[in-house]
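Chemist: Starting from the known structure of chain X, fit chain P onto it as the hints suggest.
Residue strings, one per chain:
Protein chains: 2
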Amino acid sequence: MTLGEHDPLCINTIRILAVDATFKANSGHPGMPMGMAPVSHVLFNKFMKFNPKNPDWLNRDRFVLSNGHGCMLQYAMLHLFGYDLSLDDLKAFRAVGSKTPGHPECRDTPGVEITTGPLGQGFANSVGLAIAQTHTAAVFNKPGYDLVNNHTYVYLGDGCLMEGITAETASLAGHLKLGNLIAIYDDNHISIDGDTARAFTEDVNKRFEAYGWHTQHVKDGDHDLAGIERAIAAARAVTDKPSLIKLTTTIGFGSKLQGTGDVHGNPLKEDDCKAVKKKFGFHAESHFEVPPLVYEIYGKTAAKGVAAEQEWNKLFDKYKKEFPKEGAELERRLAKKLPEGWEKNLPIYKSTDSAIASRKLSETVLNKLESILPELMGGSADLTGSNLTRTKNAVDFQHPSTKIGDYSGRYIRYGVREHGMAGVMNGISAYGTLIPFGGTFLNFVSYGSGAVRLSALSHHHVIYVATHDSIGLGEDGPTHQPIETLAHFRALPNCMVWRPADGNETSAAYYVALISKNTPSILALSRQNLPQIEGSSMELAIKGGYVCLEEQGADITLVSTGSEVCLCIEASVWLKEKKGIKARVVSMPCWEVFDAQDKEYRLSVLPDGKPILSVEVLSTLGWERYAHEQFGLNRFGASGPYKDVYARFEFTAEGISKRAIATIDFWKGVQNIRSPLNKAFTQII
Amino acid sequence: MTLGEHDPLCINTIRILAVDATFKANSGHPGMPMGMAPVSHVLFNKFMKFNPKNPDWLNRDRFVLSNGHGCMLQYAMLHLFGYDLSLDDLKAFRAVGSKTPGHPECRDTPGVEITTGPLGQGFANSVGLAIAQTHTAAVFNKPGYDLVNNHTYVYLGDGCLMEGITAETASLAGHLKLGNLIAIYDDNHISIDGDTARAFTEDVNKRFEAYGWHTQHVKDGDHDLAGIERAIAAARAVTDKPSLIKLTTTIGFGSKLQGTGDVHGNPLKEDDCKAVKKKFGFHAESHFEVPPLVYEIYGKTAAKGVAAEQEWNKLFDKYKKEFPKEGAELERRLAKKLPEGWEKNLPIYKSTDSAIASRKLSETVLNKLESILPELMGGSADLTGSNLTRTKNAVDFQHPSTKIGDYSGRYIRYGVREHGMAGVMNGISAYGTLIPFGGTFLNFVSYGSGAVRLSALSHHHVIYVATHDSIGLGEDGPTHQPIETLAHFRALPNCMVWRPADGNETSAAYYVALISKNTPSILALSRQNLPQIEGSSMELAIKGGYVCLEEQGADITLVSTGSEVCLCIEASVWLKEKKGIKARVVSMPCWEVFDAQDKEYRLSVLPDGKPILSVEVLSTLGWERYAHEQFGLNRFGASGPYKDVYARFEFTAEGISKRAIATIDFWKGVQNIRSPLNKAFTQII
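Protein sequence lines, in the order shown, are assigned to chains X and P.
Under UniProt numbering, the first residue of the first sequence is numbered 1, with each subsequent residue one higher.
Under UniProt numbering, the first residue of the second sequence is numbered 1, with each subsequent residue one higher.
Careful: at least some of the hints might be erroneous.
[Stated by the list, open to error] As a list, the in silico DSBU-like pairs of lysine-lysine whose alpha-carbon atoms are at most 30 angstroms apart:
id	chain 1	residue 1	chain 2	residue 2
1	X	K320	X	K336
2	P	K206	X	K403
3	P	K658	P	K579
4	X	K206	P	K246
5	P	K49	P	K517
6	P	K679	X	K658
7	X	K318	X	K46
8	P	K142	P	K336
9	X	K679	P	K599
10	X	K679	X	K543
11	P	K403	X	K206
12	P	K49	P	K300
13	P	K46	P	K219
14	X	K337	X	K53
15	X	K643	P	K679
16	X	K360	P	K256
17	X	K336	X	K49
18	P	K576	X	K679
19	P	K610	P	K543
20	X	K24	P	K360
21	P	K579	X	K679
22	P	K350	P	K368
23	P	K304	P	K318
24	P	K403	X	K246
25	P	K679	X	K582
26	X	K360	P	K24
27	X	K679	P	K610
Keep in mind that the hints were calculated from the coordinates and are not lab data.
Next comes chain X alone, as it looks inside the complex (with noise of 0.2 angstroms):
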């Protein structure tokens, strides 16, 4: 059953590996590595369907380290395959600007498919991968075309079994029947703080059961390479559940503090260091030895993921022909582009149309880009009808025996999991046949913050639908008014954050979002009515700001978003009327957007020479980039109708209009103005 007599030198070199350089780092953790080199060498040799030679391969198999610490495992085994990681890469173990971070990075190491590190995410990360297999699979594969059929396989530790968001998207994998998922849990019972009995003594097989999924148990994952296999094989023979398998291993397999919580975090002492080479046959002074047989084994299956692509290859070329739509669609969905003039769909209004809830608006731009952008993957945590993300056509994605759907649907039920919808949907994005979208409030998209921060971070293309943007959602009160969330956002790097003031600008945000491949983007939107505003267009909003009203020789510039636009709007007219005050206002639906066009346009929009009031319902935090003075919310809202909410905090035309003129007063001593958006010098970047 085993792979051969070489077995043991294999799996010691990957131990080796992960000792030396964690050693040479001074800084890593080599126990993880040491206990899951075994079932390492049986899967991906025995198991999965890789080329080394092109990551980019649609049909490879998924591999994703959730317990990312170990990353010292991934590394060596891509090196041995022969991935573009060399010896010297390994060397550079944790350095700055090394190919071979101290966690995986999948921007900085070919072959590593997702960022993972933060305990629980790479889990939530392979459902989603699960999930974006299935639905490719269930809409392009044809009779006699098995064209995609990878499967995932996803490693995780006690601490990821820990975390909520595991938890949340074990159920819903369970839910989805996702055959194609296989988990193997590093049964070590060691976690930071020690023994897992002080803090973790569930019954995890019982527990997976409970969510649906096949389970097993091989009981010594050090030795048993045959059980390993058995394992992996039936849980593959298992088509209607996710599997997981539990496999007791021995951290730090090997070294005199194996199975112990100093194995984990911590280089091994050089006395160890030795011990451990020669006790595996090793030189004990060398460093990094790769015994050539073992680059020779390795280098055999990856001869075969070469061949086996070359095979996909000439199946897809077969495909292409017999089926030239389907061929060419997924082919222009693996480039990431959209199809010729998709845009034109995106809804124009002008400033006689009625007021519409930006909620709504999204949902109009969803429905007319349904059929045109088929990678479009929709959902909502169980906030459907009120985030509007569900379209006219839509079909859920479920397993057809629930009748409910079928893996050819594109709406996603995620279940009240904020934080497990926004990990699923990275895994979907990392897939890289669909553009994944989900809803929830804003408020609860803060449930999240830990994969939004990855979304950021690994350059996830995904959309947050993020309704009930503010007090203007009312009656919920506030447990469910956004205040910090906007600030929290806008200082996460590579994040956009829309809030579109009316419908141009949700489709200038929609726009925006479609063609940042690179970028995750937030859309706060409103529950209530907004008006459409006079000066807005797609053209000026796609800038991220944009002056909606001018008035020459202003007295103040108004700066504000969403559905406070309209009251600035309000507020000039008032000001004008009341007190001879001419304001200019600003729609900034997207800083980040705004902060990257020319210094020229954006002083044409916050000019020198005048004060600049912001407006906006939410903490001030940050506006002082952009505003001299700064009108917001810095303390939690209130329960009632949004009305009187918004008249409690004075955020009316006359409320604007006070501070406005409080704004005027207080700079009119002052000489040269100068716009905020004068810098001393720029950021690092």
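Modeler: Same frame as chain X, now just chain P:
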């Protein structure tokens, strides 16, 4: 077994109050109260121990409505039992300024223990309440004095059960064998997206058994009052496991739309309201009708509660005589008074003391306070050795059968459950006898955002020990290095974010955090060593910001926090020596506390006349509030030894100096430079 012939009248009164209040507000959730009225009638009248005249009685049973959208159920119960909540208050449901907001808020409504609504939080809080009760009992109960023996009851719905935070804390509660915790699951098969068949098909009871819970199923929660009573009694009889009672109910029981999603989050239509009233024997045209008999029956239960507290007060009086020390200690804690002179234990440092990481300084504080503040209950989300949260003499809070701790222990092994830890700490704080602190990496406090937000909104006295606070953590890399995190929590109202620069500032942070009874604190602490700042002192640092290096006739002010303060001082030296430039340095460890000082003081720290440059190796967002120019990191970090990472991003004496020079040059032409502290108007509070 049941209460008697008037059960239906009582139950239907609750239902009708929920129907009328949501109808009048034209907003709210009638379905859950209508379904859960029967169990509430039984639970509150047959089992629960509470005194409506004193909602603060220590030994009351705690009731938590984790599915907080059903708050009209709770408001109706509180009203009927005679809490300070009138029928007029119910009529003002969801109106601005009322005592009956859209979700239960502990600060608004007498008898509401816990602010709920964001799903899963209430469940986590209930685990915290149960931990606090168990610990308080272990410390204060004596033979013959079962002083603290209350139960914690929590309702939760499908939504709560899908949330990760519930999974995390259910696993923890099972591990800890919290016998006084009883959860009642409203199994109504409906969530906002409709039938739970769409997203939630796991076997909940089996999952909870896997966690180590005792589970039961009452199949007819609409009618089987005897079964409900038996189940609660059985749950109470199991004292070494938490209990889950799955209660199958009909959402919106009595409505034409009962059992459907339409009755979840929308008031009943007028005709339906009338029909329900008629069906239940109420006047179809009446509103908020409470039959006198119901007041009478509920009044009897209330009277029993009054008597129970009187009995308890007698017991406590006797206890105080027999155990005067313990009695005084418990009274002190309930009064939320810290022991006289406790603050003298906080360590003070001289500038000649050695450089120490602020996480280590935090450990020293905790050790110094361990014996003087026995109300401190610590823990870590499986990063004990990194967070340094465990004091020398700490005993783990564990079930005694584990032999690795006992219930008098004050150190909680939270496992890798950051969101759960935050929610549990909120519950511990709410209990009234303890001040919880908990550690994780600053970056992973974000995993707990949903609960941190409720720490702030609910005024919980909770301390987050957030170590590894920047790129200074080094090798773990961008996945672990916070960038946006401080901006996020600085934007959160009623949350103190501290980033101390040295030992005195760390002591100051703990001092303010511990005396601030109604505000949570996040202490951002370094992994790397920090020198003791020459100009620092506790007295200065407790102002939130102060001048640590004064320079007469300075050309610029550098304002900084934490690990960058010493770099600013180095830059000041560099600037003087190399360029003859005078730079004064301000340390501002806590914005929120600095903002609370009078303006004169604040302007003495950040004065008019010269430019101000902020220096912090995180997002610059918000620093515009204090500084004209900002040097920070508006991108993700890098993996490597921390000094290399700092150098990569030019956070060195020279890199800071370069920006200081650019700042001085840029502001040279501006006359009468105003400190950013000067504002045209104050924000609404």
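Chemist: For P:K679 and X:K582, compute the direct alpha-carbon distance and say whether it is at most 30 angstroms.
Modeler: The given pair, whose Cα atoms are some 21 angstroms apart, holds under the 30 angstroms limit.
Chemist: Are the Cα positions of X:K679 and P:K610 separated by 30 angstroms at most?
Modeler: It holds: about 15 angstroms lies between the C-alpha atoms, which stays within 30 angstroms.
Chemist: Assess, step by step, whether the Cα of X:K360 is no farther than 30 angstroms from the Cα of P:K256, and give holds or violated.
Modeler: holds, 29 angstroms
Chemist: Please verify whether P:K579 and X:K679 have alpha carbons no more than 30 angstroms apart.
Modeler: holds, 22 angstroms
Chemist: Are the Cα atoms of P:K576 and X:K679 separated by 30 angstroms or less?
Modeler: holds, 24 angstroms
Chemist: X:K336 and X:K49 were given as a pair; does the straight-line alpha-carbon distance stay at or below 30 angstroms?
Modeler: Since the Cα atoms of X:K336 and X:K49 sit roughly 23 angstroms apart, the hinted pair holds (cutoff 30 angstroms).
Chemist: Please work out if P:K142 and P:K336 have their alpha carbons no farther apart than 30 angstroms.
Modeler: Roughly 23 angstroms between the alpha carbons, so the hint for P:K142 and P:K336 holds.
Chemist: Sort out whether X:K53 lies within 30 angstroms of X:K337, counting only the CA atoms.
Modeler: Judged against 30 angstroms, a Cα distance of about 24 angstroms means the pair holds.
Chemist: Are X:K679 and X:K543 close enough, with their CA atoms no more than 30 angstroms apart?
Modeler: Answer holds: X:K679 to X:K543 is near 20 angstroms, not above 30 angstroms.
Chemist: Regarding the pair X:K679 and P:K599, is the alpha-carbon distance no greater than 30 angstroms?
Modeler: Answer holds: X:K679 to P:K599 is near 26 angstroms, not above 30 angstroms.
Chemist: Measure nothing beyond the straight line between the CA atoms of P:K206 and X:K403; if it is 30 angstroms or shorter, mark the hint as holding.
Modeler: holds, 25 angstroms
Chemist: Keeping to a limit of 30 angstroms between CA atoms, is the pair of X:K24 and P:K360 held or broken?
Modeler: Given that 30 angstroms is the threshold and the Cα spacing comes to 26 angstroms, the pair holds.
Violated hints are absent here; each numbered hint is respected by the structure.
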